[in-house]
Each structure stands twice: as structure tokens, then as C-alpha cells.
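Put together the whole structure using the sequences plus the hints.
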Amino acid sequence: MNPFDEIAVEEAVRLRERLKDAVKSIKVVTIGPPKAVETLRTALAMGADSAIHVEIPEGAPSLEPLAVAKTLRELVARQKEGVDLVIMGKQAIDDDAGQTGQMLAGLMDWAQATFASKVDVDASAKVANVTREIDGGLEQLKCQLPAVVTTDLRLNEPRYASLPNIMKAKKKPIEKFTPADLGVDLAPRLQSLKVTEPPKRIGGGKVANVDELLAKLKEAGITPKRV
Amino acid sequence: MLRAAVLARSFARGYATAASPHALVFLEHCKGKLDSSSLSALTAASQLGGRVSGLIVGAPGDLPAVLEQAKKVTGLDTVLHSASPQYSTPLPETVTPLFVKLLSTQSPFTHVVSAHSSSAKSILPRVAAKLDLPAVSDITSVQHDSSSNSTTFTRPIYAGNAISTVRASDSIPIKFFTVRSTAFSAATLGGAEAKIESVDPVHVPNPPTEHVSTSLTKSDRPDLGVASRVVSGGRALKNAETFKATLFPLADALGAAVGASRAAVDAGYADNSLQVGQTGKVVAPELYMAIGISGAIQHLAGMKDSKLIVAINKDPDAPIFQVADVGLVADLYEAVPEMVEKLK
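Residue numbers (our numbering), protein chains in the order written: chain R, 1 to 227; chain B, 228 to 571.
Hint data in this document are derived by calculation from the structure and do not stem from the laboratory. Be a bit skeptical, because a hint or two may be false.
Result set (DMTMM-like, lysine to aspartate or glutamate): computed pairs, CA atoms no more than 25 Å apart in a straight line [stated by the list, open to error]:
| hint | chain 1 | residue 1 | chain 2 | residue 2 |
| --- | --- | --- | --- | --- |
| 1 | R | Lys216 | B | Asp479 |
| 2 | R | Lys27 | R | Asp122 |
| 3 | R | Lys142 | R | Asp21 |
| 4 | R | Lys118 | B | Asp479 |
As C-alpha cells, this is what we get:
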């Protein structure tokens with residue numbers, strides 16, 4: 001599971017621990033080939049109630065954020081009991097795109113809070129008070145539900161599923177869909193031309209002591225500079 | 228970090244002229260000054276080879292000073308500005324409708340560009356999705372081919388362990404992208420003055436999100452994102468007091484900004500805004516000093532483009548030494564004070 005999404009699942013489970021019955025259901029979703037179901041089982045073992053697997057063929061081209069957002073929007077629309085909060089990782093650690101949450105919020109015209117480091121939901125007021133990590137520090141937002149929240153590293157530390165919970169998870173329901181069932185076209189809009197290795201950084205230079213280190217700095221034109 | 232701007236001139240055929248690009252660059256600002264990262268985004272936009280217009284939003288009182296500066300930026304054709312109390316802290320929910328208005332049918336813009344800043348990257352994808360368009364994040368190079376009306380980008384993936392080359396073809400009418408500021412030098416001031424055009428704000432009745440407060444880490448030091456020298460500390464720094472007491476004098480002696488590894492931030496030694504790495508800040512200063520940092524891949528992703536990397540670590544096997552130009556295997560609690568003393 002993408003580490004940031006693990007944090008999202010954990011946050012949902014903690015929200016239920018804090019808000020108790022106010023959290024009526026925690027549903028997890030993944031879009032992927034048949035083996036992606038394992039990711040769902042992990043989430044169910046962490047404490048989600050049920051799951052949805054949007055199955056795509058093994059070897060299908062990588063999904064773009066807009067395609068994922070459209071799929072999620074379709075699924076949200078189909079939840080008869082409504083959805084108050086969508087939580088997901090701020091980025092996937094393969095493509096590092098970091099767009100899906102924002103796109104989903106835009107498609108649904110929902111409030112959004114990205115890079116959350118703290119989420120406080122006031123269930124009765126239907127508001128999420130979110131602290132976000134921004135470039136220069138932190139920002140506090142008050143989002144009316146329904147909202148999309150994307151998780152940052154420090155939001156929480158995900159639990160390891162216990163064996164009893166892993167066993168229980170095997171019985172939790174997983175609904176299956178194909179993209180065609182949902183009427184979404186997952187075809188990539190951008191063309192991936194190639195993937196290359198970045199120029200290798202050759203390091204390994206060593207010095208024996210501070211004097212030598214300072215000499216190297218001087219060589220490189222780096223001299224003391226009082227702030 | 229100057230990249231040569233290669234302007235590919237395509238022959239104008241008698242029967243089909245390729246439209247020249249016209250980029251709309253979101254220019255962010257703070258306390259009356261344009262953000263350096265937005266100026267890097269401008270440089271990237273200029274490399275498309277066509278016109279570049281800027282968009283500045285803010286509270287009415289904030290704009291005049293910024294406009295004075297913006298109109299003098301080299302490469303800017305027009306500066307669009309929109310003032311509203313709703314834009315004093317631009318939120319994706321309040322700013323998106325303005326973008327959508329500017330980009331709707333009859334819009335002259337072919338590209339929408341911004342820095343990969345925490346605010347802009349929260350806004351641009353939202354706008355793109357509303358227009359049913361993809362976006363390309365954190366680009367490190369850009370090339371536009373007018374004859375095919377396609378734009379090709381490179382961007383880091385897998386925490387910078389691979390570079391992806393991606394093309395947005397003619398099928399994408401408006402190409403959105405955010406720019407990694409360390410890959411493009413900031414556009415400079417000077418040169419002809421840009422046209423200034425006011426745009427009516429789009430008022431959002433009852434925005435679902437309210438900005439409550441912002442707390443920025445106060446520092447007299449250079450800003451980590453643009454500093455030419457960075458002194459960065461890792462988990463070996465024990466605690467917040469030791470982090471400060473050990474590293475700040477060295478940073479002061481070198482006129483450097485202070486950074487931190489994820490481990491140090493997680494452990495509470497430093498503020499999250501100092502984190503350097505795949506999911507923190509990406510920096511490329513003249514000098515990056517990694518003190519007590521092991522050099523995990525995710526950290527390297529944030530600093531491996533630094534010109535000179537110096538590492539001090541007790542562990543001779545620390546991965547950081549593989550990328551360091553100057554490595555010292557030593558106890559940082561001896562080496563750093565010695566450095567500070569000798570730099571005086």
C-alpha cells in the first residue's frame with residue numbers, strides 16, 4: 001500500500017476511535033489488477049469495514065490522477081448513504097504526482113485540505129478542522145463536510161494489523177467493479193515517452209579532519225559569511 | 228541553474244500556421260514581493276517560446292507593491308491582477324473559479340504554469356480537473372514543439388531515482404504544469420514594462436473552506452527554498468536544543484539556511500518547514516552540509532542536485548558518503564564546534 005494511503009486508512013480508523021458511532025462506515029477503494037485486492041485486505045485488517053476493488057487488467061498502463069479522480073467521483077456518487085470524508089495520501093511514491101485529492105475535490109466541488117498533519121472532525125457541526133504542512137510552516141483550515149483530505153507524513157503512524165484482525169478481514173465484503181461498470185475511461189491522456197536514470201552523482205570524497213574539510217570549502221570558493 | 232533556452236522556430240507553412248503558445252503563470256507573493264519560485268516558473272514558461280502572461284491575486288491592499296515589481300519582470304507580456312478580500316489567503320476553493328473564468332472558451336491561453344509550491348500545487352490540479360484536463364507536476368525541463376502543438380516535459384519519479392519524459396500532445400488544449408524551482412533560474416527584473424490588466428474577481432458565496440490561521444517559522448536566516456548554502460541536521464542531533472546549539476552557529480558562520488532530515492523533524496528537533504527530502508523541500512544550493520544525516524534515498528531526493536555536498540557522520544558506511552563530495556567520518560559534536568571556531 002502506498003505509505004501515504006496507509007496513513008489515510010489509519011486516520012480513518014483513529015477517527016472512529018475518537019468519534020465512535022458518529023463514524024458509520026469506513027470503506028476503502030483501490031483501482032488495480034487482480035492482486036491489488038491484497039492491499040484492500042490490509043486496509044480491512046487495519047480496521048476498515050468494507051472495500052471496493054475497481055479491477056483493471058494486469059499490465060494495463062499506469063493510471064493518471066485525473067482517471068483515478070473520475071473513478072472515485074463515480075464511486076462516491078454511488079454510495080447510497082452518502083460520503084462525508086474522502087481521505088487519501090498526498091502523493092503516490094511512484095509517480096510523485098500529488099494531484100488526485102485536489103482533482104477529486106474539484107470534480108465534486110468539495111472542500112479540500114491537502115498535506116494534513118492533524119485532522120479534527122466535529123461530527124455534529126459537520127466540520128473538519130485541519131492543520132496542513134505548507135512551505136513556510138503550518139496552516140489551519142476549517143472545512144465544511146463533505147471534504148477531501150490528503151495526508152502528510154506526520155499525521156499519524158499506521159498500526160500493524162494484529163493476527164485476529166487479519167483473520168476477521170478475510171470475511172469483510174469486497175465489492176468489485178470494472179471501469180466499464182462505472183462508465184469511466186482510464187486511458188492515459190499524457191504520453192510517457194521514456195524513463196531514464198538521472199545522471200549519477202559521484203561522491204565518496206573523503207577528508208581526514210576539519211582542517212582538510214575547511215580547505216576543500218575554500219577551494220570551492222566557500223568562505224565564512226556572517227548572516 | 229541556468230538552462231539554455233532553445234527556441235525552435237518552425238517554418239510557417241502557407242496553409243497552416245502553428246499557434247504560438249501563450250502561457251498563464253500564477254505568480255505568488257508574500258509581503259509585497261513576488262516569490263522566487265514563481266519567478267522560476269516564469270523562466271520555464273518563457274522556454275515554451277511564446278507569450279507569457281502573469282496572474283496575481285490578493286487582497287486589494289496587497290497588490291500595488293507586487294504589481295510594481297511584476298511589471299518589470301523580464302519576459303512578462305501582461306500582468307493580470309484580481310483583487311478581493313477572498314484572495315487575501317488564496318484558497319483553492321476561492322481562486323479556482325477565477326482560473327476557470329480566465330480559461331473558458333475563447334481563452335487565449337495554451338499553458339497554465341505555477342511553482343510546485345504547497346499553495347499552487349493545491350490549486351492547479353483542482354482547476355485542471357474542472358476543465359477535464361491532466362496536469363504535470365514538478366517538471367525539471369520543458370520543450371514545446373509548435374508544429375505539432377505538443378509540449379514535452381521531464382520530471383522526477385520514484386523520489387528522483389528515475390526521470391520520466393512525458394508529452395502532452397495536441398489533444399490537450401490547455402497544458403497545466405507545476406515547476407521545480409531548483410531546475411530553472413528565477414526571471415530577473417529590468418527590461419520593458421509589461422501591460423497591466425485588471426480582472427474582476429469571481430466571488431464565491433459561502434466557500435466550504437475557511438482559512439483560520441497560518442503560523443510560519445520565524446527566522447532571520449536565509450529561506451531554505453532559495454538559500455545558496457544549507458546546513459542540515461539529522462537524527463544524531465539528539466533533541467531540539469542540541470540541534471539548535473550545534474547547527475545554528477555553523478549556519479551563522481556560513482550565512483546558511485538550516486535544514487533537517489525527516490528523522491529529525493519527526494523526532495521534534497526541527498520544524499516541518501525545514502524538512503529536506505522527497506516529501507519535504509527539494510533544494511539545490513551551492514553548498515549542502517549534511518550533519519549527522521545517514522543519507523536515506525528519500526533525503527537524497529531533496530538535495531542531490533546541490534553543487535557541493537559535504538557530510539559529517541560518525542558511521543563510515545552511511546550512504547550519505549556515496550554522494551558527498553567531501554566526507555568527514557568524525558563525531559559531529561567535535562567536528563562542528565571545531566569548524567565554527569576555525570571559521571571565525
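To see whether the hints hold, each was checked on the structure:
For a cut-off of 25 Å, the pair hint linking Lys216 of chain R to Asp479 of chain B stands: about 19 Å separates their Cα positions. This hinted pair checks out: Lys27 of chain R and Asp122 of chain R have alpha carbons roughly 20 Å apart, not beyond 25 Å. With a C-alpha separation of about 22 Å, the suggested pairing of Lys142 of chain R with Asp21 of chain R holds against the 25 Å cut-off. Only pairs whose Cα atoms come within 25 Å are accepted, and Lys118 of chain R paired with Asp479 of chain B is rejected, the gap being roughly 33 Å.
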